[in-house]
Amino acid sequence: MSATAGARKRKTSWTQESRAREKVLLATMDAEPKDSAAFSAARDELITMHIPLVEHLARRFRDRGEPHDDLVQVGMVGLIKSADRFDTGRGVEFSTYATPTIVGEIKRHFRDRGWSIRVPRRLQEMRQHISHATAELSQSSGRSPTVAELAAYLEISEEDVLEGLESAQAYSTLSLDSTTSSGDDDSDSASLTDKLGDDDVALEGVEYRESLKPLLAQLSERERQIIMMRFFKNMTQAQIADEVNVSQMHVSRLLSKALKELREGLTDDAF
Amino acid sequence: MSGSTVRLELPASSGYLVLARAAAAAMCARLDYPLDRLEDVKLAVDEGCTLLLSDTDSDRTITLVLSPEDDGRLAISLAATTRHGKAPKESSFAWTVLSALVDHVSASAHNGRLTISLTASRGDATRGVASRGDASVAP
Numbered sequence: 007m008s009a010t011a012g013a014r015k016r017k018t019s020w021t022q023e024s025r026a027r028e029k030v031l032l033a034t035m036d037a038e039p040k041d042s043a044a045f046s047a048a049r050d051e052l053i054t055m056h057i058p059l060v061e062h063l064a065r066r067f068r069d070r071g072e073p074h075d076d077l078v079q080v081g082m083v084g085l086i087k088s089a090d091r092f093d094t095g096r097g098v099e100f101s102t103y104a105t106p107t108i109v110g111e112i113k114r115h116f117r118d119r120g121w122s123i124r125v126p127r128r129l130q131e132m133r134q135h136i137s138h139a140t141a142e143l144s145q146s147s148g149r150s151p152t153v154a155e156l157a158a159y160l161e162i163s164e165e166d167v168l169e170g171l172e173s174a175q176a177y178s179t180l181s182l183d184s185t186t187s188s189g190d191d192d193s194d195s196a197s198l199t200d201k202l203g204d205d206d207v208a209l210e211g212v213e214y215r216e217s218l219k220p221l222l223a224q225l226s227e228r229e230r231q232i233i234m235m236r237f238f239k240n241m242t243q244a245q246i247a248d249e250v251n252v253s254q255m256h257v258s259r260l261l262s263k264a265l266k267e268l269r270e271g272l273t274d275d276a277f
Numbered sequence: 770m771s772g773s774t775v776r777l778e779l780p781a782s783s784g785y786l787v788l789a790r791a792a793a794a795a796m797c798a799r800l801d802y803p804l805d806r807l808e809d810v811k812l813a814v815d816e817g818c819t820l821l822l823s824d825t826d827s828d829r830t831i832t833l834v835l836s837p838e839d840d841g842r843l844a845i846s847l848a849a850t851t852r853h854g855k856a857p858k859e860s861s862f863a864w865t866v867l868s869a870l871v872d873h874v875s876a877s878a879h880n881g882r883l884t885i886s887l888t889a890s891r892g893d894a895t896r897g898v899a900s901r902g903d904a905s906v907a908p
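Residue numbers (this note's numbering), protein chains in the order written: chain R, 7 to 277; chain W, 770 to 908.
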């Protein structure tokens, strides 16, 4: 089942009929007392009607390390909140009102749970501070800062910096402001084959390039790009960060994540 | 050779890689390596250890030795008794990765014991910033 097909179907089948039905439901909820059977039946139907909207919105956050079902589940919380808070007097469509609430719940889930292992809030914040400080100091000195420089800048111990760096590796998801290709679901796989053609040249000399290629193809576009830049074009992490326009800590995290995935597929190739 | 060599013996299990990484990172911090170098060294130690793990029985150990040199370079040796008892192929992906991460990589095998030697430096070779013998870091 394709995601775009689902979304499109939702749009086309979202006929005047269902729009009219939605109006009736909202009017019922407005008129009936909240503890009546009529109210709860209307509320249930309104919510059920909009489940595809939640699924559609959850799909916009796919490939970020959180299971789709979990995202739908938290998105449903947003939908239910919307149904309970919607005020027909506002003159906006219910879906217009519900969308930001649903997306808000999903984003909150990422903020709270986007760590592959439980990392204390102190370390999550530390990671952010270090990331900002690294960007700041790199900007002013034209090179990557040292741990001592970061510690002095942030007024924390070097040990805390090292701890923060290590905890960054536990952050498995892509940041929420990284590329979002919402809507066009097939664009990734189309450009993927084009990109691999380029990579062929760089892979020259690696004996296992034939087994490497399908593994590279499984990585996200960005991970593959970073792997190629670091290991086959010998760019530094700082240079890659500049080029791809993400933080250096992010580059480092993506590199180790991608390497881990490649290794798992390339077992015992080295001997 | 300086007297601040660190030697760590780890069970041959991926659960202990975090210790190898932490030791390497702390050593790089002491040597005032810039962050991207430090992360590279961590990755290299991770990669090297994983390479050894793939060819080592789980009841064995991996020995990690971190030897800072006077000129700010860091010599890293990773050793284990392996099943093949021979050096990894230089055409392998793991080797490509190691070569990109540090200045120098070599491997030798004696009596079934494989040693991977890595040399890292503080300087950024691609930009030619650091010069040899410049042990102090510019502020």
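To be clear, the hints were calculated from the coordinates, so they are not data collected in a lab.
This one's a predicted model, so the numbers in the text were calculated from it and none came from an experiment.
Don't take every hint at face value.
[To be verified] FRET-style restraints, in silico, Cβ to Cβ:
| # | chain 1 | residue 1 | chain 2 | residue 2 | range |
| --- | --- | --- | --- | --- | --- |
| 1 | R | Q79 | W | S782 | 31 to 41 angstroms |
| 2 | R | P106 | W | E859 | 27 to 37 angstroms |
| 3 | W | P780 | R | Y103 | 50 to 60 angstroms |
| 4 | W | R852 | R | P106 | 15 to 25 angstroms |
| 5 | W | V787 | R | E38 | 31 to 41 angstroms |
| 6 | W | D828 | R | D248 | 26 to 36 angstroms |
| 7 | W | S782 | R | E165 | 47 to 57 angstroms |
| 8 | W | V787 | R | S163 | 32 to 42 angstroms |
| 9 | W | V787 | R | R114 | 54 to 64 angstroms |
| 10 | W | R829 | R | E165 | 44 to 54 angstroms |
[As the list claims (entries may be wrong)] Taking lysine-lysine pairs in the DSSO-like style, the calculated list, with each CA pair at most 30 angstroms apart, reads:
| # | chain 1 | residue 1 | chain 2 | residue 2 |
| --- | --- | --- | --- | --- |
| 11 | R | K87 | R | K29 |
| 12 | R | K266 | R | K113 |
| 13 | R | K40 | W | K855 |
| 14 | R | K263 | R | K219 |
| 15 | W | K858 | R | K219 |
| 16 | W | K855 | R | K266 |
| 17 | R | K113 | W | K858 |
| 18 | R | K239 | W | K855 |
| 19 | R | K219 | R | K239 |
| 20 | W | K855 | R | K113 |
| 21 | R | K29 | W | K858 |
| 22 | R | K263 | W | K858 |
Cβ atoms here follow ideal geometry from the backbone N, Cα and C, with glycine treated the same way.
Structure-based check of each hint:
Under the hint 31 to 41 angstroms, the C-beta atoms of Q79/R and S782/W, about 35 angstroms apart, fit the expected range. At about 55 angstroms, the beta-carbon gap between P106/R and E859/W misses the expected band of 27 to 37 angstroms. Taking the beta carbon of each, P780/W and Y103/R are about 56 angstroms apart, inside 50 to 60 angstroms as hinted. Range check, R852/W to P106/R: Cβ separation about 57 angstroms, and the 15 to 25 angstroms hint is violated.
Checked against the hint of 31 to 41 angstroms, the pair V787/W and E38/R fails, with Cβ atoms roughly 59 angstroms apart. Between D828/W and D248/R the Cβ separation comes to about 46 angstroms, which falls outside the hinted range of 26 to 36 angstroms. In this structure the hint that S782/W and E165/R lie 47 to 57 angstroms apart at CB is violated, the actual value being about 25 angstroms. The given range of 32 to 42 angstroms is broken by V787/W and S163/R, whose C-beta atoms sit roughly 20 angstroms from each other.
Distance hint check: the CB atoms of V787/W and R114/R are about 30 angstroms apart, inconsistent with the given range 54 to 64 angstroms. The given range of 44 to 54 angstroms is broken by R829/W and E165/R, whose C-beta atoms sit roughly 31 angstroms from each other. Between the alpha carbons of K87/R and K29/R the distance comes to roughly 18 angstroms, so the proposed pair stays at or under 30 angstroms and holds. With a CA separation close to 27 angstroms, the supplied pair K266/R and K113/R stays within the 30 angstroms bound.
For a cut-off of 30 angstroms, the pair hint linking K40/R to K855/W is broken: about 76 angstroms separates their Cα positions. The hinted pair formed by K263/R and K219/R meets the criterion: a straight-line CA distance of about 17 angstroms does not exceed 30 angstroms. With a C-alpha separation of about 19 angstroms, the suggested pair K858/W and K219/R falls inside the 30 angstroms cut-off, and the hint holds. For the suggested pair K855/W and K266/R, the alpha carbons sit about 23 angstroms apart, so the restraint of at most 30 angstroms is met.
Only pairs whose Cα atoms come within 30 angstroms are accepted, and K113/R paired with K858/W is rejected, the gap being roughly 45 angstroms. About 28 angstroms separates the Cα atoms of K239/R and K855/W, which keeps this hinted pair within 30 angstroms; it holds. Taking the CA atoms of K219/R and K239/R, the gap is about 16 angstroms. The hint holds against a cut of 30 angstroms. Restraint check for K855/W and K113/R: the C-alpha separation of about 50 angstroms exceeds 30 angstroms, so the hint is violated.
With a CA separation close to 69 angstroms, the supplied pair K29/R and K858/W exceeds the 30 angstroms bound. A threshold of 30 angstroms between alpha carbons decides the hint, and for K263/R with K858/W the separation of about 23 angstroms falls inside it, so the pair holds.
This entry does not satisfy hints 2, 4, 5, 6, 7, 8, 9, 10, 13, 17, 20 and 21, going by the numbered hints stated previously.
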